[in-house]
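K.L.:
All chains should be modelled from the sequences, with the hints used to inform the complete structure.
Plus 131 on top of the position in the sequence shown (first one is 1) and you've got our numbering.
Warning: the hint list may mix true and false statements.
What the hints assert, rightly or not - Subject to a maximum C-alpha distance of 25 Å in a straight line, what follows is the list of computed DSS-like cross-link-like pairs (lysine-lysine):
(1) 188 / 220
(2) 188 / 154
(3) 300 / 154
(4) 164 / 154
(5) 144 / 195
(6) 293 / 305
(7) 164 / 293
Source of the hints: derived by calculation from the structure; they are not laboratory data.
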Amino acid sequence: MNFQQELIQIVNKSGAHPAWGVKHCFRVYHLAKELSCHLTLDDEVLYTAAMLHDTGKYPIYALKNIDHTLRSKGVTANLLQQMMFSPIKLPIVLDAVENHMYYSEPGRSDEAVYIRESDILDNFGNIGLMRLFSIVGQDELIQTPENAIDRARLFADALPNKVSTRAGKRLAIKRREETLRFLAGLKRQTSEYAWL
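P.N.:
And the structure:
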């Protein structure tokens, strides 16, 4: 089994909800590559950070009352050291993992910047909506469809401002429009959300 397959297996065995599982990680990785196509990034760093950035949220690794970014950083450090990952690349991966959330400042490397941008962009637009509604009743903040709608509105308003690269900003505008179109249609079709 090669290194990439080992990382996939780690995520698959972690008990991750599909909203944060392997397919989310793949989307983050591929979107980071797409947004950064004008640069030469370290693909191993990018892939590794994308695959492990949410490990601290997964049931097998999560700790109550610990921010998942800090937990993810610790889990990632332990896993990669056991896998004999490059000690030169490890700090770059850890920086990307720790700073991937919209409420964090971007990390120091280009890889960290693009992992963060991609993770933010995966939280709104059509894919973000699908993810939000898939966790209704399974996340303490999203217990009802109304909670998901409120979060979708919040993300559509706030997340585009968290994106900093030119390519990311262009995509953020499109994904915001997708979210707003969906919410407007849902509002019309449910008597202003009364029939959800």
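K.L.:
For each hint, tell me whether it holds in the structure or not.
P.N.:
Do the hints match the structure? See the list:
no., hint, verdict
1, 188 / 220, "holds, 23 Å"
2, 188 / 154, "holds, 15 Å"
3, 300 / 154, "holds, 23 Å"
4, 164 / 154, "holds, 15 Å"
5, 144 / 195, "holds, 20 Å"
6, 293 / 305, "holds, 15 Å"
7, 164 / 293, "holds, 19 Å"
Violated hints are absent here; each numbered hint is respected by the structure.
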